[in-house]
Structure formats: structure tokens, C-alpha cells
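Enquirer: Fit chain B to the supplied structure of chain A, relying on the hints for placement.
As you go down the protein sequences, you meet chains A and B in turn.
Each number in this note's numbering comes from the position in the first sequence (counting from 1) with 80 added on.
Each number in this note's numbering comes from the position in the second sequence (counting from 1) with 178 added on.
Just so you know, the hints here were simulated from the structure itself, not pulled from any lab data.
On a predicted model such as this, the values are computed, not experimentally measured, just so you know.
The beta-carbon is built from N, C-alpha and C at its ideal position, and this holds for glycine as well.
One thing to keep in mind: the hints can contain errors.
Stated by the list, open to error - Each computed DSBU-like pair below joins lysine-lysine, with the alpha-carbon atoms no more than 30 Å apart:
id, chain 1, residue 1, chain 2, residue 2
1, B, LYS249, B, LYS202
2, B, LYS413, A, LYS357
3, B, LYS346, A, LYS357
As the list claims (entries may be wrong) - If we take Cβ atoms under 10 Å as the criterion, some of the chain B residues that face chain A in the derived model are:
id, residue
4, LEU365
5, GLY374
6, ASN415
Here is how the chains run, residue by residue.
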Amino acid sequence: MIIIGENIHVIAQAVSTAIRERDAKVIQDLAKTQSEAGADYIDLNVGPMKKDTEETMQWLVGAVQEATDLPLSIDTLNPVAMEAGLKACKRKALLNSASGKSLSKEQMLPLAQKYNCDVVISVMTDKGMPPDVESKIESIMDTVTHANELGIPNENILVDPILLPISTAGEGQRFTVVNLEFLNILEDVLPGVKSTVGLSNTSNGVPDQLRPHLNRTYLVMLERNKLYSAIADPLDKELMSLAKGEMPKIVELIHRTMDGENIDLTSLSTKEVEYVKTARVLKGETLYSDAWLET
Amino acid sequence: MDYKAPVEAYTGVVREVAIGKGNKSLKIGGENILPLHYFDEGSNPNPAKFALEILDMEPQDWSEQLVQPFKDVISDPIKWAKRCEELGADAVFLRLVSTDPAVKDSPAEEAAALAKKVAEAISVPLIIYGSGDDKKDAEVLPKVAEACDGMNLLIGPVQKENYEIVGKALLEHGHNASALSPLDINLLKELNVKLGKFFPSEKIVIDPESAALGYGMEYSFSLMERVKQIGIITKDNMTMMPIIADLGGECWKTKQAKETKEQGLLWEGMTALSLLLAGANILVLRHPETLKLIKETIETR
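Isolated chain A (complex conformation) (with noise of 0.2 Å):
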């Protein structure tokens, strides 16, 4: 599994501070210990930005391919940011993101044609989010035959199903559903294209400390279904152990709650135990609280 490091996001306050202020060293920290974590790519989410756009991709490209060699993930939606940013790449970079409104495909998508990169395209299309999984592998067969014939070919693409938060009123869990269901037929539908998800936006709105266990489960379950990479967060050190296959053990578990067996949890350790209740809740087999760990 790819992970694509997360960390380094305008949401942080320490991070947009260090931008506008342009110390590199703080991003360069924020670079090396994810790069040291494992991470196979470093993302740069640097929202709209505004003022100087291109002078400040510019530094902060320049700056974080001081402190490592990994190759970047260019994360935001203005066209002239994303520009600059794939123009400083040394490396193979990442388009983080287009998707199938209008004006992604005219600004976003030739650039990724133009500067030879991989790209993430989402299935989001100018109808807004696509609810269901026929639905979703409608609008992203558009976009791909768009991007095709831009002259982007599939192993450049990796497609997002986009990732909402399980705790949304009654319809988290369907989300949970659909994205699984979606990922395992992609191949099937596009040959050769590649996926990936923003894993955290699964546990959004859910408790801070349970998080994690949200996270390292679905990641599990996804990458079971082919999921290629994740934008997740690298120093979390179980999930990067379920990601580098050192975990079969757990790993082997999940798969069984996925396959619907009847576990017997008296016989697992508490962790275990846990994994097998998140899996349960994911997979939309038990309805999900904030207490579902609890019961």
C-alpha cells in the first residue's frame, strides 16, 4: 500500500503560519519525520492560496524537496498553485486533485497531460457527489475518457471515490458500503487505472482517540479490495504496520469479518476484539454510535 503522508495541511495552524512566514524549517520537520515514518509520497495541501501563488509553491516545493527525496502530491484546487508547484517537482509529482466538473476538466486535467504526472481525478462531477456505486463508476468513466483523450493514460490515473465521514446521521455507514463495493469493480471497468482515498475523512466527526481505530481498519478492508494508495497520516505507527504487511495476523482477521464469519470474540485479546467490532460497523453489518467499541 501507498501511503501519501497527510501532514503537511493548511488546516494546521503551524503549518499555514510557517507558509506565510516562510520557515522552511518547520515544513522540513514535518517532511523528514513522515518521510522516516515510511511515507512513499509527502502531500502539500495549501488550500486556495491567494496571494503570491506561485512565488510561495515555488519556496515551499523547493523547501520540502530539501529535506527528502520522496516525490510529491500537489494538493489544491487553484490551477495557477497547481501549476507551479508540478513546474518545481524534481520528481514524478502528484495532481491532487481534478475530477469531473466542468472546470476541473478545462484548468486541472491538462496539466496533467502537459507536465506527464500522475493524477488523482474524484468522481465528483458538476451534479455533485455521485450517491451510489452505479452512479460513481458512471461519472468516472466520463472523466477517464476525458482524461484519455487529453492524452492521460490510465496507469497516470488514480481514481477517488471521495470518502464521507461514518458518523453522518444515518447515511455514514452506506458511504462506508458504496466505496468498498466501488473500489473492488473499478479494475474491472477501467483497466489499469490506479485508486486512492483521503482514509481520515472516514473518521471525521468521530471522537479523537477513536479515530485511529477507524482509520487502520478501513484501510485494511480497502486495500483488500484493491485500493492502491492512501493520504493518511504516517505517524500513526499501527496503521503503517497494517500498511507495510506486518500485521497478517489482524490483516487475516478483518478479511474474516469482511467474509461474514461468525467470530468467536471470547477466544481474541481486547485488540483483536476491536478490530473485528470496527470491521463490523464499516462493513454496515452493525449500526455505528460513538460507543460501538462499548458494545
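Expert: Relative to the frame of chain A, chain B by itself:
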């Protein structure tokens, strides 16, 4: 070829909750079929029940058509409760609205003493709700529970903010708990899980919040429907509880209900009937003619 209608059989059973004691008691829940799915395997041993609502003080904002049937008794909650019983209510629902800090902020002891008098004066079971102010209810409801010790009443609303203190008092004095959460199935389950850690699940009733027709009723409808489906079909232990639909107040505060009596009755009646179809086990109404209307509708089914 003959058509054979499929018959489903489910494994989940909604817990049966008894409210009140001896010949003063009624039962709700107990069904192992979805609402009105009489063609499936299973049964609903306790058809829906109806409570009429009274307040612990003379209402300040009730419209004329709502006050009218109780005009001569409305300043005396005990007489008012008896009137509801005469009018055919299966239970009386007493709302301690005067305890609300924004209304009269009347003391917990006073409310508790009145609750006890009402409970003793009627021969149908009593449901008691605090004002809904979670802090004040944390003072009022334990006192009410104590004053009515051993009567096995249904008391609420028990909320996320006060379930520990209120739940403990209800347990100690032998009552049922009505657990209220704001129109969200995940929060509803969480409250039941947390309450259920020290409070018997077979004494919990779910109040999912009941919105009026035109004011979000479809949210309440879908939610009740899902509570039943998840409980009865997937056997989720923490949603297999009966549901109370506290809808009268929501209906009668709408502009439409205040306009004319007929419109008000239909507003309350349609909301009640809809939530009944969604799976509510006990419904709280305000107008006795709505009660009559609904009962007639059910009987002619």
C-alpha cells in the same frame, strides 16, 4: 402459475415494556414484525397506545381550540388528568413545563409532589416528562422518581447530558426511562449503549424526537422506520426498544394548527397516523378529538 406472496420471518424482538403497576399498567412493544406487516410471520402483541398530554400549570400559549375541551379543569392538573382518562386515553402524559428556568423555574420538590398526586389520582399509567432543560431535569427528575417510588412509571427525557444522574435515580426507584436524542440514529444508539451499561435495556423506551407534518416529520418517520428495521431485521440489541412519539406539542405549535380547530385536528391526526405507520408504540396527543379520530381510523382498518 399461482402467485405466492413471500412471507418473512425475523429474529429480532422489540422488548416489551410495562408502564405502571397492577391493574394500572399497560404494555408497549413486544413485536417481532415490522409495523403493520401482519402478512409476515410473527405478531405484535401490543397494538399502539395513546396518551393525552397535560401540563403542571395552566398553558400560556395553547390556542383556544386546544384549551376548549379542558376549559373547566385546565387550571387543576389532577382534574385535568382525570378528564383525559374519562376521554379514553390509555395513559396520561404529564409535562413539568413550569420547572423550566425560562418559564417559572418552579422547584423540583413542588413538581415531584404534584407528579405523585396525579399518579395516585388516575387509574391509567402516568408518563412524566421534565421541561427538557437537561440541567434542570437533572434536579427535577430524580425528585420525581423518588416521590413516585415503586410506581414503575415512564420518566424522561433522559438525555446525553444527564443520563447518569437521571438514570441512576430511575433505577433506584423502579421506573422506566425514556431516552431522547436529537433525530439521529447513531446518537440514539450511543445513548442506549451508555444508559444500558447500568440501566436494564428492557426498561428503556426510545424517544427519537417527533417533528410535525410540514416541519420535518419525514425525518422522524425515516428514523423510526430504521430503528424498527435494525432492531427486528438485523437484531441490533440497542435498538430493540419500543418507541414513544411525543408529537402533540409539535403539531399544535404550528401556524396551520392554530388557524382552525379542524386543521389542528387533522395536523395532529395525520402526524400521529404517519408515525404510527413508521412504528411508534405509544403516541402522545393533545386534543381528545384527535384521539377519537385516530382510534376510529384504526378500528375501521
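Enquirer: May I ask which of the numbered hints given earlier this structure violates, with the numbers listed in increasing order?
Expert: Per hint list: zero violations.
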